[in-house]
Amino acid sequence: AEDRFYNDYPCVIISGKGQPDVATRLFLNKVRSALNVPILGLFDADPYGLKILSVYMKGSKNMSYDSINLTTPDIKWLGVRPSDLDKYSIPQQCRLEMSEHDLKTGR
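Going by our numbering, the sequence shown opens with residue 1, and the numbers climb by one from there.
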């Protein structure tokens, strides 16, 4: 938002600020259905970012009964991918080491 990306590229920028809530998931589903526009996503390059992407794409166990309305299965993952860290020479001081818990979550 600070770079005013939206001035150069017509878009709507939405932040779920962590785990996506029901309202955000429902809104994205409705935007995709009603406007037939692509939904693009940026997520952290760690197990938690991938988990968040998975909730947007496939839903959550707790809300599985309403997944038809709460998922965006065709969301396009723009990044950040773990391979991007080396590909774009992201400095080590900008990266966080994964803990044992992070590694366990990723499995």
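These are computed hints drawn from the structure, not numbers from a lab. Certain hints may be false.
No more than 30 Å apart at the CA atoms, straight line, and that leaves these computed lysine-lysine pairs for BS3-like [as the list claims (entries may be wrong)]:
hint : residue 1 : residue 2
1    : Lys61     : Lys76
2    : Lys87     : Lys61
3    : Lys30     : Lys58
4    : Lys30     : Lys104
5    : Lys104    : Lys51
Pairwise CB distance ranges, derived in the manner of DEER restraints [stated by the list, open to error]:
hint : residue 1 : residue 2 : range
6    : Pro91     : Tyr6      : 36 to 42 Å
7    : Tyr9      : Met98     : 16 to 22 Å
8    : Gly18     : Lys76     : 38 to 44 Å
Heads up, the beta-carbon is just placed ideally off N, CA and C, and yes, glycines get one too.
Cross-check of the supplied hints:
For the given pair, Lys61 sits about 22 Å from Lys76 by alpha-carbon distance, which is consistent with the 30 Å threshold. Restraint check for Lys87 and Lys61: not satisfied, since their Cα atoms lie roughly 34 Å apart, outside the 30 Å limit. For the given pair, Lys30 sits about 15 Å from Lys58 by alpha-carbon distance, which is consistent with the 30 Å threshold. For the given pair, Lys30 sits about 34 Å from Lys104 by alpha-carbon distance, which is inconsistent with the 30 Å threshold.
Distance restraint check for Lys104 and Lys51: the Cα-Cα separation of roughly 13 Å lies within the 30 Å cut-off, and the hinted pair is therefore satisfied. In this structure the hint that Pro91 and Tyr6 lie 36 to 42 Å apart at CB is violated, the actual value being about 28 Å. The supplied range of 16 to 22 Å is broken by Tyr9 and Met98, whose beta-carbon atoms lie about 32 Å from each other. As the Cβ distance of Gly18 to Lys76 is approximately 21 Å, the hint placing it in 38 to 44 Å is violated.
Hints 2, 4, 6, 7 and 8, counting from the list given before, are not met by this structure.
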